[in-house]
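Chains as they are written, first to last, in my numbering: chain D, 53 to 227; chain S, 1050 to 1194.
Please note that a few of the clues may not be correct.
To be verified - Computed list of lysine-lysine pairs in PhoX-like fashion (alpha-carbon distance at most 20 Å, straight line): (1) K172/D with K1136/S; (2) K182/D with K172/D; (3) K1092/S with K221/D; (4) K1136/S with K182/D.
What the hints assert, rightly or not - Non-contacting residues of chain S with respect to chain D, defined by C-beta distances greater than 10 Å in every case (computed): (5) T1062; (6) P1067; (7) G1086; (8) V1166; (9) W1174.
Hints are computed from structural coordinates only; laboratory data are not their basis.
Note that the coordinates shown come from a computational prediction; the quantities given were computed from them, not determined experimentally.
Built from N, CA and C at the ideal position, the CB exists for glycine as well.
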Amino acid sequence: MNITAQQKAERFISVLRHCQLLGLEVLQAEETCLQMRLPYSDEIIGNPLMGIIHGGALTTLMDTACGTACFVAVEGMELCPTLDLRVDYMRASEPGVNLVAHASITRITNNVVFTECLVKQESDNTLVAKCTATFMRIGPEMTPPDFRGVIETGDASIYMGNEPLIKTKKKKGES
Amino acid sequence: MSFQDTIQKAQATGDFQPLVDSIPYANYIGFEFQRFGDNVIFKLPRNIDNIGNPILPAIHGGVIGGFMELSAAINLLMFMDTPLMPKIVDFSLDYLRAGRDQDTFAECQVLRQGTRVANVSISAWQNDRANPIAIARAHFLLAKK
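Based on the provided sequences and hints, a complete structural model is requested.
What follows is the structure, given as structure tokens:
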């Protein structure tokens, strides 16, 4: 199999439904570092007074960026679930501004992958948040053939279907 | 009504639903809550849009984090005398087991509220409260009156 780090990263997030809905995009992927963008959207505001993106969307960006970096950095097709995540929020991001996560692999051991991530505003590189995340290694044999197929061929339809992705309408009063 | 007024009205009347409804991210993930007197249980109903692992399938870890962070902030607004949306300073999250594609619940405990900072611990579970899927702690900056 001959795919680039960029392809491996893009195909990995192509089947993560929540990430696709947020519009997460791999800007650049290398062997041990990766950049991922979270586009600004009114839908993910946490504080309407100031139009600030909710920390949850940032947590998703950082978890995905670090997790994708692990998937790219570890040889083969090994999935690495998150063990823990520690985030420092430096300042609120400005309204209307896209955010970019700069994730890097600190160290890979037989059992664990250590990662770090900085989130900056795309427009002016202002540091918004910083995170340290640790991932478990569960072995490449835990990756099902269907998922391998997605990475090898780039065809996400087995998990995502062929319909365009739209957010499920919330039915009021139904829970 | 401004968001500020929405917060004040919720604190005055004890009805926090309009406040939660006015937060886009809460709507985005499907955030709910139910109060039982001085206790509150937060709920993240099963939602295919929150899936981040198509294999199991499992809820995205970031959504679980966002759900817990939002729970902590709403919990502070409900029980502490803070007139503004608390600002998150840091957040530390341990994932104990995969969050399956089903309803998730959370409860919060304010371990300490100082004049400026509050420390909140949050526990999230699915089937069994005694076996959480994730635990977290967060520091929030509180606005002065």
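Checklist entry - So which of the earlier hints does this model not fit? => result none
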